[in-house]
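Those sequence lines, one after another, are chains A and B. Here the first sequence is numbered in my numbering, starting from 1 and rising by one per residue. Here the second sequence is numbered in my numbering, starting from 1 and rising by one per residue.
With the C-beta cut set under 10 angstroms, the calculated list includes, among others, these residues of chain B facing chain A:
| hint | residue |
| --- | --- |
| 1 | T96 |
| 2 | I100 |
| 3 | G102 |
Note that these hints are calculated values from the structure, not bench results. Built from N, CA and C at the ideal position, the CB exists for glycine as well.
Listed below are the residues making up each chain.
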Amino acid sequence: GAVVSQHPSWVICKSGTSVKIECRSLDFQATTMFWYRQFPKQSLMLMATSNEGSKATYEQGVEKDKFLINHASLTLSTLTVTSAHPEDSSFYICSARDRRQGREKLFFGSGTQLSVL
Amino acid sequence: GEDVEQSLFLSVREGDSSVINCTYTDSSSTYLYWYKQEPGAGLQLLTYIFSNMDMKQDQRLTVLLNKKDKHLSLRIADTQTGDSAIYFCAESPSGTYKYIFGTGTRLKVLA
Numbered sequence: 001g002a003v004v005s006q007h008p009s010w011v012i013c014k015s016g017t018s019v020k021i022e023c024r025s026l027d028f029q030a031t032t033m034f035w036y037r038q039f040p041k042q043s044l045m046l047m048a049t050s051n052e053g054s055k056a057t058y059e060q061g062v063e064k065d066k067f068l069i070n071h072a073s074l075t076l077s078t079l080t081v082t083s084a085h086p087e088d089s090s091f092y093i094c095s096a097r098d099r100r101q102g103r104e105k106l107f108f109g110s111g112t113q114l115s116v117l
Numbered sequence: 001g002e003d004v005e006q007s008l009f010l011s012v013r014e015g016d017s018s019v020i021n022c023t024y025t026d027s028s029s030t031y032l033y034w035y036k037q038e039p040g041a042g043l044q045l046l047t048y049i050f051s052n053m054d055m056k057q058d059q060r061l062t063v064l065l066n067k068k069d070k071h072l073s074l075r076i077a078d079t080q081t082g083d084s085a086i087y088f089c090a091e092s093p094s095g096t097y098k099y100i101f102g103t104g105t106r107l108k109v110l111a
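Please model the complete structure; the sequences and the hints are all you need to start from.
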């Protein structure tokens, strides 16, 4: 199946710093990628939809200035958590749609555990 | 609104069958999915079913869909300790590529 690589898998940072998370589709082109957030023992919450070459679409309640998304190429989307605070600590997961296979196939990265001190 | 619900925990003995249930609310969903998440990892697609089907079997996995009741289930035959994980159902409402995930069911397989 298709492979989505997410990096880093974990990061610890100081409060007030920014953290960038990368999501790459390794063997397919992804016009659309999605960013999710997952709190411990909870479900995934969709944060935003990242569209190649255009602005991301954010879900209600998600601050676009805090969670910057860039989808500059068909294989890479980045999520930057700006001025991170302890409440931003969470597990972030990206996913990508393989347009060759139609909408029924969505592949997930392995996730990034962010801890803000 | 959009709400996908699952029971939180399930415990079974190795070799038994596991049945994980899910209820969803958006009848327009064209596809329904089951994902597996192991600790500290991303989500692995296990199987999916198209909304005009009522059953799909894939090796040890059987998916049953009751569209009238908006009920989806995943049966794992001959459950193994390696099946211990969190299982999420998800729906994808018509006209969108968004996935709405359930609350997740933590399956524990006892040896």
